[in-house]
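Given the coordinates of chain H, work out where chain L should sit on it, guided by the hints.
Listed here are the chains, written in short residue letters.
Number of protein chains: 2
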Amino acid sequence: MATNGSGSPAKKIKKMELGSNGEATEEDPETQKTLEEIDKCQNEIDALNEKASEEILGIERNYNRLKKPHFEKRNDIIKKIPNFWVTTFVNHPQLSPLIDDEEVDCLQYITKIEVEDFENIKFGFKINFYFEEGNPYIENEVLTKEFSMGNNGEHKSTSTTISWKKDQNLCQKKKKDAKPTNSRKRGFEEQKKFFDWFADNEDPQGDDIADIIKDDIWPNPLQYYLVPDVDGDENGMEDEGESEGEEGEGGDDDDIGDEEEIEGEEGDEGEEGEEDE
Amino acid sequence: MATNGSGSPAKKIKKMELGSNGEATEEDPETQKTLEEIDKCQNEIDALNEKASEEILGIERNYNRLKKPHFEKRNDIIKKIPNFWVTTFVNHPQLSPLIDDEEVDCLQYITKIEVEDFENIKFGFKINFYFEEGNPYIENEVLTKEFSMGNNGEHKSTSTTISWKKDQNLCQKKKKDAKPTNSRKRGFEEQKKFFDWFADNEDPQGDDIADIIKDDIWPNPLQYYLVPDVDGDENGMEDEGESEGEEGEGGDDDDIGDEEEIEGEEGDEGEEGEEDE
Chain H
-6 MATNGSGSPA
4 KKIKKMELGS
14 NGEATEEDPE
24 TQKTLEEIDK
34 CQNEIDALNE
44 KASEEILGIE
54 RNYNRLKKPH
64 FEKRNDIIKK
74 IPNFWVTTFV
84 NHPQLSPLID
94 DEEVDCLQYI
104 TKIEVEDFEN
114 IKFGFKINFY
124 FEEGNPYIEN
134 EVLTKEFSMG
144 NNGEHKSTST
154 TISWKKDQNL
164 CQKKKKDAKP
174 TNSRKRGFEE
184 QKKFFDWFAD
194 NEDPQGDDIA
204 DIIKDDIWPN
214 PLQYYLVPDV
224 DGDENGMEDE
234 GESEGEEGEG
244 GDDDDIGDEE
254 EIEGEEGDEG
264 EEGEEDE
Chain L
-6 MATNGSGSPA
4 KKIKKMELGS
14 NGEATEEDPE
24 TQKTLEEIDK
34 CQNEIDALNE
44 KASEEILGIE
54 RNYNRLKKPH
64 FEKRNDIIKK
74 IPNFWVTTFV
84 NHPQLSPLID
94 DEEVDCLQYI
104 TKIEVEDFEN
114 IKFGFKINFY
124 FEEGNPYIEN
134 EVLTKEFSMG
144 NNGEHKSTST
154 TISWKKDQNL
164 CQKKKKDAKP
174 TNSRKRGFEE
184 QKKFFDWFAD
194 NEDPQGDDIA
204 DIIKDDIWPN
214 PLQYYLVPDV
224 DGDENGMEDE
234 GESEGEEGEG
244 GDDDDIGDEE
254 EIEGEEGDEG
264 EEGEEDE
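Residue numbers (my numbering), protein chains in the order written: chain H, -6 to 270; chain L, -6 to 270.
This list has only true hints and no planted wrong ones.
One copy or any two copies: either way a pair holds, since identical chains are not told apart in the list.
In silico BS3-like cross-links for lysine-lysine, where the CA-CA straight-line distance does not exceed 27 Å:
| # | residue 1 | residue 2 |
| --- | --- | --- |
| 1 | Lys149 | Lys186 |
| 2 | Lys26 | Lys66 |
| 3 | Lys33 | Lys72 |
| 4 | Lys44 | Lys60 |
| 5 | Lys185 | Lys166 |
| 6 | Lys115 | Lys44 |
| 7 | Lys26 | Lys73 |
I should point out that these hints are in silico values taken from the structure, not numbers from a laboratory.
Only chain H is shown next, with the shape it has when bound in the complex (with noise of 0.2 Å):
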């Protein structure tokens, strides 16, 4: 071992190991061939890697079956609570930005979330947004952004099309209102709102709204529907300090009746890892 090229910089070691056009198929014999020795221990490696991960997957798949009723029976109770939704996006850090004081009149009517995996897992998820009947904005009943994988690996992302009742286009009146005049008091009407993001589908890659909702208040939203956005807001909160070193999708701190604290955080961190390939 390091008999040779001792004292010789990193460039000298490059040019040892590899031909003069870097292909390694320019290797003397003997290393090429412990080079596919390697690559052949590495294919078997690769092939547990992956056996590993379609293990996984069934795991997730079949949790995700049980806590579909869990989940179901949450949005029931959900429902009795007036703007439980709109509350928890608007009282969320990143997401309380987002939302402009038109829409939050119009995310009152939201009745019901739901977050759906794919069958498998790896290969997408859909949001889907229940809205009020009669109320004065949409006429959907249900608003659905779908984010999917194909087997190319691509990625792409569908809305379906807002049904705006008559003159409350809330994507449209924002550009009126932002070009003409400057009369908004916020200040932040270059920055893309939530319908905007909703009916975007350019840039499905890493959509961190999309993951906002999926990963972080889906999981437990009630966190955030009972802790305010503390940045800019009268109530002088404390619970910055508690959540230090964790990953912050606790809520457990939430604590509201005597129920016994469990930390469930782990379960959803193996799904993110999943889902981002």
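Showing chain L alone in chain H's frame:
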């Protein structure tokens, strides 16, 4: 639903849902009871997440055991190739700038690397660097750097105290060199170097270098051995464009022999998710 507060801005909604000092306990009794129901439901979901997490950890533990002999075999084959590990490190785009010329000399004497997860993989891992006996730099046969997490969630790292041979302490040498003169050519004296990283256990959380070795190099070192860091090298390699749209874990492009191509990325991702805790 959404019958009250129509037209109210975000702040009104926040106030409506929260007592004057933001305490959940100041909700009206009916809402309070409903929130407790949601919380109870949430606990059931969290318990399922925890069970899923346990099962996933079990699978990862099992496959770690199955992969171990293959990693050992791979290490045995790698030993036949001089400078395999130092070349791999020097070719890695993120590790390359970390390793100065003298360290390259020293790292040539690495004969074996091992990355070992703890039996309960979410509690940590260690990296072993084996050095050739009789090398001019280091007395230790093996240098180990270990990252662990206590039951309280606290991260820590420890590393073997390096027993440098006479006048070969590369950490001290660098400090001496760097201060009085400015004669080194590369101009990255200020940057932390490999052995500084090894010895430094001040900030064990989110150690990028450990993560690169564990999650990028160790799963497939061959891809870096064969494909040098294109940046700043005179070999005009054309490997970059091929991995577009992928997460950069592949390595399957580097086919040497005619072994079957197996995609094995996902298994590793599942593991990564768990260890960030």
